[in-house]
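Engineer: Listed here are the chains, written in short residue letters.
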Amino acid sequence: MSALWLTGCDNGDTVRVKLQVRPASSGALSRLEIQAQVAGRQTGLRYKWFAVSGGCDPQESESPATLFQFSENVVRDRVSVEVWRDNTRVSQADVDVKFDEQRARFAKEQPPAAQIEISSIPPYEQGGPDTRAGIAGKVSGKLAPEYKVVLYARAYNAWHLQPTVNAAHAIHPDNTWTTWTHTGISYAALLVRPEFDAFVRLDVLPQVGGYVVARTIVEGTR
Amino acid sequence: MRFVWFWTFWHWSKESFRYGSLLRSPLHGIGSHWDEWFRHEASEGDLRAIEEAGRTKSTQRRFIAWLLRHWAGETDWPRNQMVSRFVLGQLAHLPPFDKWQAFENHRAGYGVVGISAVVLGAESPGQAEDVRRVEALALPADGAPIILPEGFQADAGEMETARCAASSVLRGKGLLVFLALWIVGGRRPYPRWLKIAVALGWLAVGGLILYLLIGPEPGGRLFLWTATLTALWSGLMLVGVTVAAWHGFRAWRQGAVWATRMEQCQVRMRMNGGLTIKGESAGLPFCLNTLLAVSRVEPRLDCRSWLWQRFVRRLRAERDIWAATGVVTTDGYLRPVVLEPKLHACLAHGGIKQILTPRQSNASPRAMIRLTAARATPGREREPVPPPASASRLGFAAEKPRLRTHCCRHVAQAMMALGGLTSGWQKAVSALAIIVSGAMLFALPDLRAILVPPPAPLAVSPSSPSPYYLWVSLDTKHPERFQVVFESEFWANRRAEVTPHSGANASMRAEIFLHRLAGQTNPNGEDGTLWIERRHHFLTREYAPGERVGRYSVAYLTRLPHE
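Line by line, the protein sequences are chains A and B. Going by my numbering, the first sequence opens with residue 7, and the numbers climb by one from there. Going by my numbering, the second sequence opens with residue 11, and the numbers climb by one from there.
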């Protein structure tokens, strides 16, 4: 009975780690924020960070995050983490990182002369997940066919990507775009390059530059 | 060779039976065969030798001793010690043995008295003579009827019913009832210290359950307490189940041996008085005496079952103070009988201290007290004394009745009473054990989750399609064992349960509604850590959150696939 009872249960000390790479919040392109997602008992865990040619700061931490810096003239690297509890290595993981050359190039270039505007403005409301309104607009200027529109509505004192977390809206042949949104007090439309990785929730909207070609913010219709 | 004349008779009887000149087997027809041989076949020499053997009481005793010790061993049934007694009992009434003084004891019976039957004589209101001694002998069947009344007339069906009931308690449903009764409230073969230790163990288990349910927060000692509780309960269950299984198995084995023996034997039920029995109320004593007869076949009590051994030993030792009445069915159940005159008979008898009756209203202890009082002061019951007018009232404690009734629904209950197997202590311990074990069975999933926790889950898809929510989907089959804690400097902290969600995005997940903090200092909308915490329950109680077994960032969870 005890054997059956125990069947299917693993060792309680098992720790599983997965690394996630994000651009550094400072905006420096040669830096990446590496975060470890950790499943398993958290008590007493320490993290040791390693890279092939770049460097991690900190190299040893109690928090599962570090800042990776590429070496000069190196565009690819591998970052690994070892998870230790007391004097035992309980898990490890690694991730390949790549310097975003395209973004660096776009950052250096002058953004193309393009504009975006919201022609159909939804109402000014506190908003939230249970609201809904139509929104439309148009783009103009020097455009590329792969450009997309990303929408945000401000509710609960933060910008929320609209209408869903992975939404990006195509531009019609007549340079207009249309979709729906949850309502808010303000609305923002971003004209972005296809590589743009939109944050779902923001305190401050990204500035024009890099992957963002144009931006507009309007207050809801009162 | 001593007593050649008896060997001569015995071989004459066997040979005559073999050649068909005698119709009954040598054993079962020994009375009539002896009469025939003694009158017509015995030689002068044999008659002289018989006369010599019976010359004095001493020589008579020598013959009886030889018959008991040596002759039986030379027959075809050397292990059946009842054969010699039967032969002596049969011969005692025939010449020349009917004149032999040493045979005096064998004329009244076989010397194998069992439990008495209460059979009322015609029109009897219940007299001492109605308590009748019953003797049961199991002899080799040799083609004779398998149960035979002796000294009375009874319906063959009634006798057969009693035999079937005995067979049932040896290896049928009756045995299951017997074992069930014993398991629930039967005395255990424990030494005293173990008996006390087991009871204390069950009390400790009950105390631990109460402590875990309503005691202070155990914190880090939760594992210790639950491990102790589980180990203690498992140990007690192991002891209980092992003892029950072992003794149940031995009882079943012994019962099967005796049942087989009973099928191969003829049971002779002897009750003097020449009654013709009407009704079936002697079924219970006949059934119990049949069991006793079967157990007596072997020279020593060859019983390896503690249960059967205790029953038989007590029955043999206390047969003089026990009487029984009750209609028995083939599967061992008892039906009510006319009882009051029988109780009067037992009270009048004086020697009977315990009586087995079917469960019926006029067999209760209260009815017994009333009956005893009525006998002590005849007519008093009809003249109730009015209570005194003064404020103080007198009370009279009733004397413990001299005759104790044991009300039974089944022969197995009668066996429990006869064997002294019923134990109030064990009933109390069993009741406690059942309650505690019920609680433990309900709590087993909780205990398992504490002692052998489910694996730490991974955060998996789907993530929330709505920007206002954060979903934490976990790859676990035990959502109730985890909760999610969201800590952030940008968003309000949350604690959310993991619950199963069905539909298009089915998963085990916690759904967290994001609410930005007013006056926070961190501008990062993806700031926040989601911790996976274990939840520990015990029955209706949930303890303080357990250890953290997962750590995820908002950014990671937001970027998981949505489907």
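For the record, the hints were derived by calculation from the structure and aren't laboratory data. If you're wondering where the values come from, they're calculated on a predicted model, not measured in any experiment. Ideal placement from N, C-alpha and C gives every residue a C-beta, glycine not left out. Hints are supplied without guarantee of correctness; some may be wrong.
[Unchecked claim] To give a feel for the contact side, a few chain B residues facing chain A, derived at Cβ under 7 Å: (1) W22; (2) S26; (3) A554; (4) R558; (5) R561.
[To be verified] Footprint (simulated), chain A over chain B, 3 or more residues, beta carbon under 8 Å: (6) 456-469; (7) 477-485.
Engineer: Does A554 of chain B pass the interface hint, meaning its C-beta sits closer than 7 Å to a C-beta of chain A?
Structural biologist: Where the cut-off is 7 Å and the nearest Cβ of chain A is about 15 Å from A554 of chain B, the hint is violated.
Engineer: Is the interface hint for R561 of chain B satisfied, with its Cβ closer than 7 Å to some Cβ of chain A?
Structural biologist: holds (5 Å)
Engineer: Hold the hint about W22 of chain B up to the distance rule: shortest CB distance to chain A must be less than 7 Å.
Structural biologist: violated (67 Å)
Engineer: Under 8 Å between beta-carbons, do enough residues of the segment 456-469 of chain B, three at least, approach chain A for the coverage claim to hold?
Structural biologist: holds (count 9)
Engineer: Under the criterion of a CB-CB separation shorter than 7 Å, is R558 of chain B in contact with chain A as hinted?
Structural biologist: holds (4 Å)
Engineer: Per the CB criterion, is S26 of chain B less than 7 Å away from chain A?
Structural biologist: Nearest chain A Cβ about 66 Å off; hint violated.
Engineer: Between the segment 477-485 of chain B and chain A, see if three or more residues pass the 8 Å beta-carbon test, and mark the coverage as holds or violated.
Structural biologist: Coverage by chain A holds for the segment 477-485 of chain B (3 residues, Cβ < 8 Å).
The structure does not agree with the numbered hints 1, 2 and 3 stated previously, though it agrees with the rest.
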